[in-house]
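Enquirer: Take a look at the letters that make up each chain.
2 protein chains.
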Amino acid sequence: MASELTRDKAFFAFSPDVEPVLRVAQGEEIKLTTHDCFSGQLETSDDTLDTLDWSITNPATGPVYIEGTKPGDLLRVDLHEVKATGPSVMVTIPGAGAMGDVITEQETTILEHTDDSVIFKGRVRVRQRPMLGVIGVAPAAGEIPNSTPGGHGGNMDCTLVTTGASLYFTVGVEGALFGTGDMHAAMGDGEVVICGAETPGEVRMTAQVVDIEGLPTPFLENDELVAIIASAETVDEAYQTAVHETLRFLTDIVGMPKNDAAMLMSLVGSLKFCQVVDPLLTVRFEFPKSVLAEYGFEMPR
Amino acid sequence: MASELTRDKAFFAFSPDVEPVLRVAQGEEIKLTTHDCFSGQLETSDDTLDTLDWSITNPATGPVYIEGTKPGDLLRVDLHEVKATGPSVMVTIPGAGAMGDVITEQETTILEHTDDSVIFKGRVRVRQRPMLGVIGVAPAAGEIPNSTPGGHGGNMDCTLVTTGASLYFTVGVEGALFGTGDMHAAMGDGEVVICGAETPGEVRMTAQVVDIEGLPTPFLENDELVAIIASAETVDEAYQTAVHETLRFLTDIVGMPKNDAAMLMSLVGSLKFCQVVDPLLTVRFEFPKSVLAEYGFEMPR
Numbered sequence: 001m002a003s004e005l006t007r008d009k010a011f012f013a014f015s016p017d018v019e020p021v022l023r024v025a026q027g028e029e030i031k032l033t034t035h036d037c038f039s040g041q042l043e044t045s046d047d048t049l050d051t052l053d054w055s056i057t058n059p060a061t062g063p064v065y066i067e068g069t070k071p072g073d074l075l076r077v078d079l080h081e082v083k084a085t086g087p088s089v090m091v092t093i094p095g096a097g098a099m100g101d102v103i104t105e106q107e108t109t110i111l112e113h114t115d116d117s118v119i120f121k122g123r124v125r126v127r128q129r130p131m132l133g134v135i136g137v138a139p140a141a142g143e144i145p146n147s148t149p150g151g152h153g154g155n156m157d158c159t160l161v162t163t164g165a166s167l168y169f170t171v172g173v174e175g176a177l178f179g180t181g182d183m184h185a186a187m188g189d190g191e192v193v194i195c196g197a198e199t200p201g202e203v204r205m206t207a208q209v210v211d212i213e214g215l216p217t218p219f220l221e222n223d224e225l226v227a228i229i230a231s232a233e234t235v236d237e238a239y240q241t242a243v244h245e246t247l248r249f250l251t252d253i254v255g256m257p258k259n260d261a262a263m264l265m266s267l268v269g270s271l272k273f274c275q276v277v278d279p280l281l282t283v284r285f286e287f288p289k290s291v292l293a294e295y296g297f298e299m300p301r
Numbered sequence: 001m002a003s004e005l006t007r008d009k010a011f012f013a014f015s016p017d018v019e020p021v022l023r024v025a026q027g028e029e030i031k032l033t034t035h036d037c038f039s040g041q042l043e044t045s046d047d048t049l050d051t052l053d054w055s056i057t058n059p060a061t062g063p064v065y066i067e068g069t070k071p072g073d074l075l076r077v078d079l080h081e082v083k084a085t086g087p088s089v090m091v092t093i094p095g096a097g098a099m100g101d102v103i104t105e106q107e108t109t110i111l112e113h114t115d116d117s118v119i120f121k122g123r124v125r126v127r128q129r130p131m132l133g134v135i136g137v138a139p140a141a142g143e144i145p146n147s148t149p150g151g152h153g154g155n156m157d158c159t160l161v162t163t164g165a166s167l168y169f170t171v172g173v174e175g176a177l178f179g180t181g182d183m184h185a186a187m188g189d190g191e192v193v194i195c196g197a198e199t200p201g202e203v204r205m206t207a208q209v210v211d212i213e214g215l216p217t218p219f220l221e222n223d224e225l226v227a228i229i230a231s232a233e234t235v236d237e238a239y240q241t242a243v244h245e246t247l248r249f250l251t252d253i254v255g256m257p258k259n260d261a262a263m264l265m266s267l268v269g270s271l272k273f274c275q276v277v278d279p280l281l282t283v284r285f286e287f288p289k290s291v292l293a294e295y296g297f298e299m300p301r
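Those sequence lines, one after another, are chains A and B. Under the numbering used here, read the first sequence as residues 1 to 301, first letter to last. Under the numbering used here, read the second sequence as residues 1 to 301, first letter to last.
Errors might be hidden in some of the hints.
Unchecked claim - Straight-line distance between alpha carbons at most 20 Å, and here's what the computed PhoX-like set of lysine-lysine pairs gives:
hint, chain 1, residue 1, chain 2, residue 2
1, A, K289, B, K289
2, A, K121, A, K9
3, B, K31, B, K83
4, A, K31, A, K83
5, A, K121, B, K258
6, A, K70, A, K121
7, A, K121, B, K289
8, A, K258, B, K83
Said to hold, decoys possible - According to the in silico footprint, chain A covers these stretches of chain B (three or more CB under 8 Å from chain A):
hint, region
9, 7-16
10, 54-67
11, 123-130
12, 136-148
13, 257-267
Stated by the list, open to error - Counterexamples of contact, computed for chain B against chain A with all Cβ distances above 10 Å:
hint, residue
14, A2
15, L22
16, E112
17, T114
18, G151
19, G164
20, E174
21, T206
22, S270
23, K272
24, P300
Derived from the structure by calculation, the hints contain no laboratory data. Using N, Cα and C, we set each Cβ at its ideal position, and we do this for glycine too.
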């Protein structure tokens with residue numbers, strides 16, 4: 001029996017003070033639906049940002065209280081299914097995004113969905129690769145708007161956050177107070193105009209505490225690779241954190257000699273952009289699991 | 001009849017003042033061999049950087065004088081074959097690279113080559129994806145060490161610079177004074193410990209002037225995509241240049257409406273790291289050619 005949660009149960013900032021709307025046991029399947037990042041306010045190309053209620057943008061469905069979790073625990077969230085239900089919307093916003101200085105006209109466009117694609121202006125067919133832009137847990141203290149990424153997760157806009165991925169977070173408060181939303185049916189690395197194909201969606205997931213001491217978080221795992229995710233005020237700061245935390249993971253947890261780890265990071269690891277448009281900017285460092293296996297390491301299951 | 005050039009004909013800085021070692025006609029095939037970035041000085045794991053002659057590191061084979069080229073011309077270089085001949089070498093250098101602060105021991109390791117792979121320490125097999133780290137033309141004035149990327153090309157360390165790619169450069173001086181080297185048999189995006197699998201190699205290529213007014217350079221094209229490459233003192237500056245130049249390409253040359261271009265950059269374009277370890281840092285923005293075709297544009301051939 002899965003627990004279900006609908007998109008009308010949403011919050012707008014990760015915080016210890018937001019009341020949970022669902023309690024689940026560890027390992028219990030959760031089915032939830034998510035709004036698009038505008039809470040469904042932009043339904044046609046005539047709906048502009050002028051009339052948008054900004055206070056209900058970036059909703060995350062939740063918070064979900066996960067029983068038996070306490071501050072300092074490592075929480076693994078397994079995404080069994082991330083499905084875009086469409087339609088999607090994209091916008092341009094003068095002044096916003098990596099090219100905000102040259103974007104002069106606000107525009108809203110609706111992208112219809114087919115079984116496996118989204119259609120941009122009846123012209124460009126883009127294969128769906130649905131992903132969750134916002135996913136995380138409450139910090140130990142304070143309030144972090146859903147627009148913002150950080151050590152707690154949040155608006156990381158990482159294209160790997162999709163079906164089959166596992167995300168690891170450090171729990172900040174009792175119950176973790178997990179939430180997710182901001183699904184994109186498709187998005188390129190960088191998200192340079194500040195949106196992907198913003199879509200409502202459905203998620204099936206489980207969450208449980210695991211024991212991997214010192215794992216840098218947020219951390220992501222899929223069939224092929226692990227990724228260390230880092231956010232900062234500049235990309236230069238973020239990538240420094242990502243590479244140093246990856247090296248620490250490879251030496252202290254995987255047990256690789258430092259020079260092997262460093263050289264293999266350069267040879268088979270990849271530094272990648274997640275997004276450059278949110279209040280903090282996010283990158284990830286990807287490293288193949290096949291190489292971890294050569295050093296006798298498997299992620300505990 | 002191809003013109004041939006061997007790796008002993010090398011230079012160490014792109015400059016109008018380096019005498020060309022070969023003259024070729026436009027469209028004439030050139031076969032050249034390249035040294036690894038240490039000019040072959042590190043042959044065993046006992047060869048350390050202590051005895052390295054740094055003055056002959058980062059050699060580029062050339063310069064090649066391409067007949068009929070003059071300042072301001074757009075030069076397209078077609079890479080018909082980029083082949084690693086091995087063996088490869090990797091090093092750690094305390095103080096160098098994105099993790100130089102925590103790399104404490106210098107090490108040299110030799111990677112043997114099989115037909116399609118390189119072998120790291122007898123343990124990790126990595127599929128070869130040979131690429132040229134250094135490729136470019138002389139600037140109009142001054143001298144740019146081969147270690148450094150820039151508007152002329154140089155040490156961009158872009159993993160797309162491989163068989164089947166075309167590179168576009170703006171010619172700085174009569175004859176272009178083209179050169180290339182610093183081949184890697186494999187490398188991850190970021191090149192975070194400052195080297196890939198550094199290998200000698202062989203290249204077959206042609207070069208010719210083409211007419212695409214205002215094309216941002218360096219520019220790369222392969223079967224799937226185009227990429228705008230940008231280097232700067234910080235990644236944050238480099239990506240700003242890359243996205244703005246891509247938008248300019250899509251609007252002014254491809255002819256896309258500005259908002260379409262911007263939204264599609266966010267939806268199907270990807271901002272990627274090339275390297276974060278050279279004197280300037282390099283990123284690229286990739287955009288699919290299939291979408292250019294939807295807007296009626298093909299790269300001229």
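Enquirer: Give a verdict on every hint.
Expert: Here is what the structure says about each hint:
no.	hint	verdict
1	A:K289 to B:K289	violated, 32 Å
2	A:K121 to A:K9	violated, 32 Å
3	B:K31 to B:K83	holds, 11 Å
4	A:K31 to A:K83	holds, 11 Å
5	A:K121 to B:K258	holds, 14 Å
6	A:K70 to A:K121	violated, 48 Å
7	A:K121 to B:K289	holds, 18 Å
8	A:K258 to B:K83	violated, 30 Å
9	7-16	violated (count 0)
10	54-67	violated (count 0)
11	123-130	holds (count 3)
12	136-148	violated (count 0)
13	257-267	holds (count 9)
14	A2	holds, 32 Å
15	L22	holds, 33 Å
16	E112	holds, 14 Å
17	T114	holds, 15 Å
18	G151	holds, 21 Å
19	G164	holds, 20 Å
20	E174	holds, 35 Å
21	T206	holds, 31 Å
22	S270	violated, 4 Å
23	K272	violated, 7 Å
24	P300	holds, 22 Å
Checked against the numbered hints given earlier, the structure breaks hints 1, 2, 6, 8, 9, 10, 12, 22, 23 and satisfies all the rest.
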